[in-house]
Amino acid sequence: MEPTIIFAVALAGALAILAGIFEDLESDTGSQSNPNSQVQLAPQIGHLHRYFNKAISGEPPAYGFWSTTGATVAVLLQTRFLSGFGEMHSVILASIFGALVAASILSFYAIFAHISRTASMRPFKQPLQLDVILSPLPLFFAYGFLAVLCVTLISFITNMVLLNPFPVPLIALLFGITLGTIGSSTGDIHYGSERLYQTFIFGSGIPISKQGDIDVKAEYGFRNSIDTPYFTSRFGGPVTGLCFGAIVFLDNWSRLFTFAGKWTPILLGIIIIILLFLINLSIEIYTRNRFNEFTKE
Amino acid sequence: MSAQPTGQPAANNGKYTTTYTLFLIAIVCSTVALMIFNAVPHAVFLSIILIWPAFASGASAVKDISSYGIGTGVASIGMLGAGVGTISAFSSIFIDIPFSAFIGIIAAFVIGFVTGLCANKIIKMKIPRMELKIAIMSASAAMIATLFVSIFSNNIDMLLTDVYIVLPLIFIATALAIIHPYNGSMGAGENQPRTLKLAFAEASLTTLLFGLISLAYTDTITSIEILLVSGLGFVIFTTIFLRAINAEIYKLEWSGVV
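Order-wise, the sequence lines are chains B and W.
Heads up, the first sequence is in the working numbering, so the first residue is 1448 and it goes up one at a time.
Heads up, the second sequence is in the working numbering, so the first residue is 400 and it goes up one at a time.
For reference, chain B alone in the conformation it holds in the complex:
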């Protein structure tokens, strides 16, 4: 086994953890995906708010778009940089330019979504405040840049070192959609159903009657989209990173072995899925025994 490939597997896993953390924080900075429905509903039941309403068609397609943009620009630039900077430096430099382009497009889409959705809230007297747009803007630009940079670098590693036959932008599209899905399903729970509903009992879920009844006031002043990553970076972000990192790392790790020929990664993959299923089952059984079943109030 070559040391380069082992190093590449470890590096891809580490970058995937970082990508997950930054992706979740970026989406939380603007209440994208699941929390977006709650932020959207809030003015209709009388809670005017100062959250950024970043409605970009759900995280999976949006992250597919940013990652593919970053990777495509990077691939096309990398061939130009190759002669001047060498292989490794050209990849890193090109990825930075690709991530910059992607983060700029992200910002335009986010601003358009916020102002247009706020204008549609006219019947409920929701005002458009410019500091609500301008203060989170640098934050989610930075998080988006870092997330796209990590996904682009993972795609390059997968294509050039781990010799995946697909072109880099297609790998980035697949990784971007995966990353967005994980951020939407794993990370957003810690913002959408906890941070926005801190007045309700922990873990009580969001019944229809509570939809849109979000916290608009903070410890001091009004809740805003800059304080949210401060909360979600403690658990939501790292958990997203762990999930995406585990997927990328375990998938690449299973390709290091050759004991059963071409079928080795598939066999190892099935074993990993069975193990994860058993771990999840035991956690759920433990939780139900420890905290009892769901009860009616």
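Just so you know, these hints were derived from the structure itself, not from any lab.
Glycine included, each C-beta is placed from N, C-alpha and C at the ideal position.
Treat the hints with care, since some could be wrong.
[To be verified] Derived pair list, reagent style SDA-like, types lysine to any residue, alpha-carbon separation capped at 20 Å:
(1) Lys650(W) to Val1663(B)
(2) Lys650(W) to Pro1574(B)
(3) Lys650(W) to Gln1576(B)
(4) Lys650(W) to Asp1674(B)
(5) Lys1572(B) to Met524(W)
(6) Lys1664(B) to Val657(W)
(7) Lys1572(B) to Val656(W)
(8) Lys1572(B) to Ser654(W)
(9) Lys650(W) to Ser1582(B)
(10) Lys650(W) to Phe1669(B)
(11) Lys650(W) to Gln1491(B)
(12) Lys1709(B) to Lys414(W)
(13) Lys1664(B) to Ser654(W)
(14) Lys650(W) to Ile1558(B)
(15) Lys1572(B) to Arg642(W)
(16) Lys1664(B) to Asp1674(B)
(17) Lys1572(B) to Ala587(W)
(18) Lys650(W) to Leu1495(B)
(19) Lys650(W) to Gly1493(B)
(20) Lys1572(B) to Ser622(W)
(21) Lys650(W) to Ser1651(B)
(22) Lys414(W) to Pro1574(B)
(23) Lys1664(B) to Gly655(W)
(24) Lys1572(B) to Asn645(W)
(25) Lys650(W) to Ile1492(B)
(26) Lys1664(B) to Phe1571(B)
(27) Lys650(W) to Asn1671(B)
(28) Lys414(W) to Gly655(W)
(29) Lys1572(B) to Leu641(W)
(30) Lys1572(B) to Leu651(W)
(31) Lys1572(B) to Lys414(W)
(32) Lys1572(B) to Ala646(W)
(33) Lys650(W) to Phe1571(B)
(34) Lys650(W) to Asp1578(B)
(35) Lys650(W) to Leu1488(B)
[To be verified] Here are some chain W residues the structure puts well away from chain B; computed CB gaps all over 10 Å:
(36) Tyr419
(37) Leu423
(38) Thr430
(39) Asn437
(40) Ser490
Following the hints, put chain W in place on chain B, whose structure we already have.
This is chain W only, laid out in the frame that chain B set:
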């Protein structure tokens, strides 16, 4: 700042263009765009201007389907339509007859119609005229994808397949530009003129991105034409869109207590 802060929806002066009208405009404009590109490759800036109605037609179809209570399914329905359209357009790369580009667009319309028929009859979504709307969405996406694959391969018959690297970007960028105008404007005060203004702004942003990509494929003059015309369009449409926002917003302020 709005002149009448009454809390009522802003009147949109009854302006409503049907999706069918927009689609007819898009068909005519896109055909002319492809013909212009085929005849005079250096007049590509005209093709870029003429492809923008296709984005508006797709966005209007998304709005029509989604206003029947789909809500958060906007993204799903848009990805379905754009996926059918762009994949049909990409498949026509491999057909080796003159003007194969148009076959891709027609195929997108037919496959989109069949997909809508399946959704309405088999899954029983029961959305009025969903078949036609998905077909319109697919055909619009196919027109956009066809023009840009043609531009990147410098050839309307798209016989050069070196552009496979940018196909994922064309697919996802077209899909986002079609679904986002309605998705980003949803709410009680949403109206079609503003959604279409946003569609044009995002269309020019998307063609600006494609112009950046085209630097790697086409000669420099073509790329600069695309970049200039898209940049100018982006500035103009964003200004028009911001004016609409300014007229319809309840209250515009720097900061304040809500």
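Taking each numbered hint in turn, which are not upheld by the structure, reported in ascending numerical order?
-> Structure breaks hints 4, 5, 12, 20, 21, 22, 28 and 31.
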